[in-house]
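Visitor: From just these sequences and the hints, can you work out the full model?
If you want the building blocks of each chain, they are given just below.
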Amino acid sequence: MRFNEKELVCLSRQPSEMAAELGMRGPKKGDVVKRRLVKLVVNFLFYFRTDEEEPVGALLLEQCRVEREDTQTFSIAFLDDAERKYLFECDSEEQCKEWIDSIIKASYEFMRRNLIFYRTEIHRLTGKDPLEQYGISDETRFQVNSGSQLMARDTSSL
Amino acid sequence: MKIDEKVVCYFESCKSPVDKEGYLSKKGEIKTSYQKRWFMLKANLLFYKDRPGDKDLIGVIVLEGCTVQLCESEEQFAFSLVWSEPGLRTYKFAAEDQASQESWIKALLSASHSYLALLVMDMEKQYKDALRAHPSESRRPFTMPTFPSTHASTLPAFAAQSVGRPASQGSSQQLQAPNSSVARAVSKKSPKLWPKRNSNMVAVGAPALPMLEFSGLCFAPEEQFIKLHEDFGREIKKLIADWSRRRGGGEDLPVESLIDFG
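Which chain is which? The protein sequence lines are A and B, in order. With the first letter of the first sequence counted as 1, position 57 gets the number 42 in this note's numbering; the numbers rise by one all the way through. With the first letter of the second sequence counted as 1, position 216 gets the number 202 in this note's numbering; the numbers rise by one all the way through.
Source of the hints: derived by calculation from the structure; they are not laboratory data. Just so we're clear, the structure is a prediction, and the values are computed from it rather than from any experiment. Since no wrong hints were added, every one of them can be taken at face value.
Covered stretches of chain B, as calculated for chain A (at least 3 residues, CB under 8 Å):
(1) 3 to 13
(2) 29 to 43
(3) 46 to 54
(4) 66 to 73
Heads up, the beta-carbon is just placed ideally off N, CA and C, and yes, glycines get one too.
Guide: Laid out in structure tokens, this is it:
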């Protein structure tokens, strides 16, 4: 499968708040934990060998499940296959929580849902569609499906 | 650099919203002829294969850091994705007709993750303002979409329309240049940390709301975003005027970029 590698490598050089050396283990049997500089840029997780300019690899953070494995370890599971997981070892519980939170919020689909929520609520409160001023109200990607539901939810869990 | 292909392929084939799909001709990298391919735009990724039913992906283009431009080409209805940094490439495409060209350009302009992030930040602010301005409304029973608690959801809480045909084809020619606005915003200042906020700030009189943090991203202030949109609004009006003239006059497409970097 082809992809625009140079442009993606360029993206990996963008500054990011979430960049740290973590212990990382790949999803295959026999993969061991290796120290990697892990960096979150948009909805990609790049990982570098320390002091190398170009990342070893890139992970697309969509359709994934991020979970706490123990106090300082989190995992990213893909393809609804709980066994196919990448594991990340942090230096503290706080760092672990921060990474989990950041990765979840980095997903494009997560952000899109938030946008639709805000759009709907602003329209409900003000009668105006906030996307009109940007000329993007009819863009497919920002539509609320007529079949979608804003579900009542117990907000005490927030 | 390797990319986890299985993850990318899965994302392409899964039920998450498709923002646009259709045939485009793409200029080859080595063979410089244009080849017809089936393209699918999902989030900030442009996938392509030979035919819609094919299982195998030929490739994917990650749409970050590029601008969308009209371009001069031996082909009609051409446009390009341009990465302006040295050594980075330009992808050239040709649509089947003008409507398709406009529709694709518009869809690609609003595709980047960076653009969406800025938009969400702006909307969050507007939402807070709206709550302050309409306190009686906010006391209504509060319903919320599903937000993931401890893990990123694989459930689509909202499914956008899966076929990417804009509701008002042809009638709304407004285009914005979000990619360039982001490019300019980022290059004007060195990226700074977005101030962290409590995740459970409670607005007076309203139930608990999710205040989103974007700790992985660095942006210029939101005021700059609005100003940039105003700036581009002017450019867009100019573009609309140009396109209307072109439709009436039958002139050749001029070489122009949607974004004038000055």
